[in-house]
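Letter by letter, the chains look like this.
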Amino acid sequence: MLKIKDLVVEVDGKEILKGVNLEIGEGEVHAIFGPNGSGKSTLLAAIMGLPPYKIKKGKVVFKGKMINKLPIWERAKLGIGLAFQNPPEINLKMKKLLEKIGKDGLQEYVKKLKMEDYIERDINRGFSGGERKRAEILQMAAQKPDLLLLDEPESGVDMENIYIISKVINELLEKNKRIRERKKSAIIITHTGYILDFINARLAHVMIDGKIICSGPPKEVLKNIKENGYENCEKCRWNDGRA
Amino acid sequence: MKIARNAGGMMEELEKVGFDRKMAREASFLAEDDFIKEIKKGKNVEIMPIEEAFKEYDLPKFLGKKDRYTKLVYEKRQTGYFIRVPEGKHVTMPVQTAFLLKSDGFDQILHNVIVLEENARLDMISGCMATAFNGLHASITQYYLEKGSYLTYTMIHNWGRNVRVYPRSSAYLEENATFISNYVALTPARKIESMPVAILERNAIARFYSILYARENSNFDVGAIAKLNGKGARSEIISRIIAQNAKVVSRGLIEGNAIQAKGHMECSGMVIGNGVIHTIPELKSSVDNVELSHEAAIGKLAEEQLNYLMARGIDEEEAKSLLIRGFLDVNIKGLPPHLNKAIARAIDLMAMASI
Numbered sequence: 001m002l003k004i005k006d007l008v009v010e011v012d013g014k015e016i017l018k019g020v021n022l023e024i025g026e027g028e029v030h031a032i033f034g035p036n037g038s039g040k041s042t043l044l045a046a047i048m049g050l051p052p053y054k055i056k057k058g059k060v061v062f063k064g065k066m067i068n069k070l071p072i073w074e075r076a077k078l079g080i081g082l083a084f085q086n087p088p089e090i091n092l093k094m095k096k097l098l099e100k101i102g103k104d105g106l107q108e109y110v111k112k113l114k115m116e117d118y119i120e121r122d123i124n125r126g127f128s129g130g131e132r133k134r135a136e137i138l139q140m141a142a143q144k145p146d147l148l149l150l151d152e153p154e155s156g157v158d159m160e161n162i163y164i165i166s167k168v169i170n171e172l173l174e175k176n177k178r179i180r181e182r183k184k185s186a187i188i189i190t191h192t193g194y195i196l197d198f199i200n201a202r203l204a205h206v207m208i209d210g211k212i213i214c215s216g217p218p219k220e221v222l223k224n225i226k227e228n229g230y231e232n233c234e235k236c237r238w239n240d241g242r243a
Numbered sequence: 001m002k003i004a005r006n007a008g009g010m011m012e013e014l015e016k017v018g019f020d021r022k023m024a025r026e027a028s029f030l031a032e033d034d035f036i037k038e039i040k041k042g043k044n045v046e047i048m049p050i051e052e053a054f055k056e057y058d059l060p061k062f063l064g065k066k067d068r069y070t071k072l073v074y075e076k077r078q079t080g081y082f083i084r085v086p087e088g089k090h091v092t093m094p095v096q097t098a099f100l101l102k103s104d105g106f107d108q109i110l111h112n113v114i115v116l117e118e119n120a121r122l123d124m125i126s127g128c129m130a131t132a133f134n135g136l137h138a139s140i141t142q143y144y145l146e147k148g149s150y151l152t153y154t155m156i157h158n159w160g161r162n163v164r165v166y167p168r169s170s171a172y173l174e175e176n177a178t179f180i181s182n183y184v185a186l187t188p189a190r191k192i193e194s195m196p197v198a199i200l201e202r203n204a205i206a207r208f209y210s211i212l213y214a215r216e217n218s219n220f221d222v223g224a225i226a227k228l229n230g231k232g233a234r235s236e237i238i239s240r241i242i243a244q245n246a247k248v249v250s251r252g253l254i255e256g257n258a259i260q261a262k263g264h265m266e267c268s269g270m271v272i273g274n275g276v277i278h279t280i281p282e283l284k285s286s287v288d289n290v291e292l293s294h295e296a297a298i299g300k301l302a303e304e305q306l307n308y309l310m311a312r313g314i315d316e317e318e319a320k321s322l323l324i325r326g327f328l329d330v331n332i333k334g335l336p337p338h339l340n341k342a343i344a345r346a347i348d349l350m351a352m353a354s355i
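Line by line, the protein sequences are chains A and B. According to my numbering, the residues represented by the first sequence are 1 to 243, in order. According to my numbering, the residues represented by the second sequence are 1 to 355, in order.
Note that these hints are calculated values from the structure, not bench results. One should not assume that every hint holds.
Distance condition first, Cα-Cα at most 20 Å in a straight line; then the derived PhoX-like pairs of lysine-lysine [claimed, not checked]:
1) A:LYS63 - A:LYS183
2) B:LYS341 - A:LYS95
3) A:LYS18 - A:LYS63
4) B:LYS37 - A:LYS96
5) B:LYS76 - B:LYS43
6) A:LYS14 - A:LYS211
7) B:LYS41 - B:LYS89
8) A:LYS18 - A:LYS183
9) B:LYS320 - A:LYS95
10) A:LYS93 - B:LYS341
11) B:LYS43 - A:LYS93
12) A:LYS77 - A:LYS63
13) B:LYS284 - B:LYS65
14) B:LYS22 - B:LYS37
15) A:LYS167 - A:LYS111
16) A:LYS96 - B:LYS43
17) A:LYS100 - B:LYS320
18) B:LYS284 - B:LYS300
19) A:LYS226 - A:LYS59
20) A:LYS69 - A:LYS96
21) A:LYS77 - A:LYS111
22) B:LYS37 - B:LYS89
23) A:LYS77 - A:LYS167
24) B:LYS76 - B:LYS102
25) A:LYS93 - A:LYS111
26) A:LYS77 - B:LYS102
27) A:LYS93 - B:LYS89
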């Protein structure tokens with residue numbers, strides 16, 4: 001589904017990603033851990049094509065197609081969807097946007113995400129943290145991407161909302177189907193790992209200072225981080241030395 | 001370029017500015033150039049050509065500043081309407097009026113008077129448009145709102161690149177009267193200059209909303225003046241303005257001349273391309289115990305918002321037009337929902353069609 005090779009990304013001349021390699025197969029969910037400022041969000045922005053991030057080196061290949069230079073909307077049309085960590089407020093009714101994104105069967109998700117009252121309002125205007133996250137996931141439900149990029153879907157969200165959001169994410173990832181039949185993939189950035197109690201990830205990666213330094217089973221990698229801190233990740237037994 | 005339109009096409013054009021034969025209306029008035037094409041009388045309002053009204057009534061005086069255009073109207077008035085709502089009458093369906101400037105190079109000169117007697121209520125939708133290549137529209141419109149009356153007046157303009165427009169209006173609000181004036185101009189005009197003035201007595205309320213999209217070298221100079229002369233009078237002047245390769249001067253003056261008067265002015269502007277927006281808000285207080293405020297913000301299309309929409313698979317042009325659409329979309333307080341819808345429709349048809 002997605003292949004990232006030796007990706008170097010900079011902002012205003014400063015290198016943020018310093019050679020990232022990542023491969024995500026069809027139906028796979030990967031988690032990315034890492035301290036603040038390590039480049040996790042930049043990686044998602046680079047996949048989506050959001051400025052001001054500039055790809056200096058390397059390749060982003062999606063469904064066999066190199067997308068380094070594609071405009072944002074074409075990447076979205078190809079099947080990449082990004083749930084923003086801090087989505088902007090916009091003078092535009094949520095409903096109007098959903099109509100534009102337009103896929104069928106959205107009403108059911110509006111209900112599941114308890115967004116009935118919010119779709120009549122301007123996008124994110126006056127929304128609480130949890131409401132914003134639900135609004136992002138609702139837009140993902142409208143978009144139905146093949147690769148779901150989730151940037152800290154649980155930050156600033158209470159347990160009830162994490163549960164609601166996770167349930168819908170699992171549906172979007174076809175978790176009701178058998179593993180082999182699943183076609184949808186995801187990258188989840190998470191600080192706390194709470195979300196992984198609800199969404200099964202196949203693999204977790206730790207990103208430090210613009211590089212993925214280790215990859216392994218999510219629960220064990222997380223346990224190791226919690227016990228020993230990020231500074232000891234390099235010594236972690238899952239560190240295969242790829243970085 | 002002048003485009004000949006058939007009758008059906010003309011009705012569609014009129015619908016854009018709110019003159020819609022398919023909608024429920026109390027009464028209608030339609031003028032082309034200098035003659036009245038249609039008057040449909042209503043049960044609950046009196047409506048007649050202004051000429052007749054001058055003979056029948058002692059009409060109130062114009063309260064705005066006199067200038068060459070008011071002089072032109074006094075000397076060379078061609079037509080116009082007089083509308084009166086009798087005391088206590090609440091008119092549920094709107095009265096619609098429209099002025100069409102049809103002949104190239106024509107100078108259209110009009111005078112309108114609207115009187116609401118005590119505790120009467122009326123919604124008006126008033127369209128002005130041109131199919132002429134060039135021309136002039138000059139007018140005086142007077143609103144006289146007696147005690148406790150309530151008028152909403154929604155004006156939608158659709159001029160042409162070479163048309164010059166000079167409406168002059170004044171409103172007098174007796175105690176407890178309410179005036180909601182909405183001005184929507186979304187298509188180019190060489191010059192629009194409009195600055196209605198409202199004089200408010202005790203506890204009267206005047207709210208002015210402007211939704212303006214100036215393009216293609218248009219030059220708009222618009223605003224409103226509210227004189228809060230009675231205790232507890234209140235006014236709001238609110239505008240949303242886009243200037244795209246065009247110039248807009250947005251003015252406002254609120255005078256607090258009596259205690260407990262309250263006024264607020266708000267202008268949000270967006271500049272696209274080589275646009276210019278110049279806001280000139282003025283507050284004047286001549287007594288103590290008044291509350292006057294203004295805020296203004298001018299920005300550009302926010303890149304972050306544009307990227308957000310594009311990340312949903314919407315291409316750049318469409319994302320821009322969605323943001324423009326959203327920026328102009330103001331839900332006006334106190335306006336019946338179907339008239340808010342008429343404004344939304346005007347935005348869809350006129351602001352969006354040409355992006």
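inquiry  = Let me make sure I understand: some of the numbered hints might not hold for this structure. Which ones are they, in numerical order?
reply    = Checked against the structure, the hints that fail are numbers 3, 4, 5, 8, 11, 16, 18, 19, 20, 21, 22, 23, 26 and 27, while the rest are satisfied.
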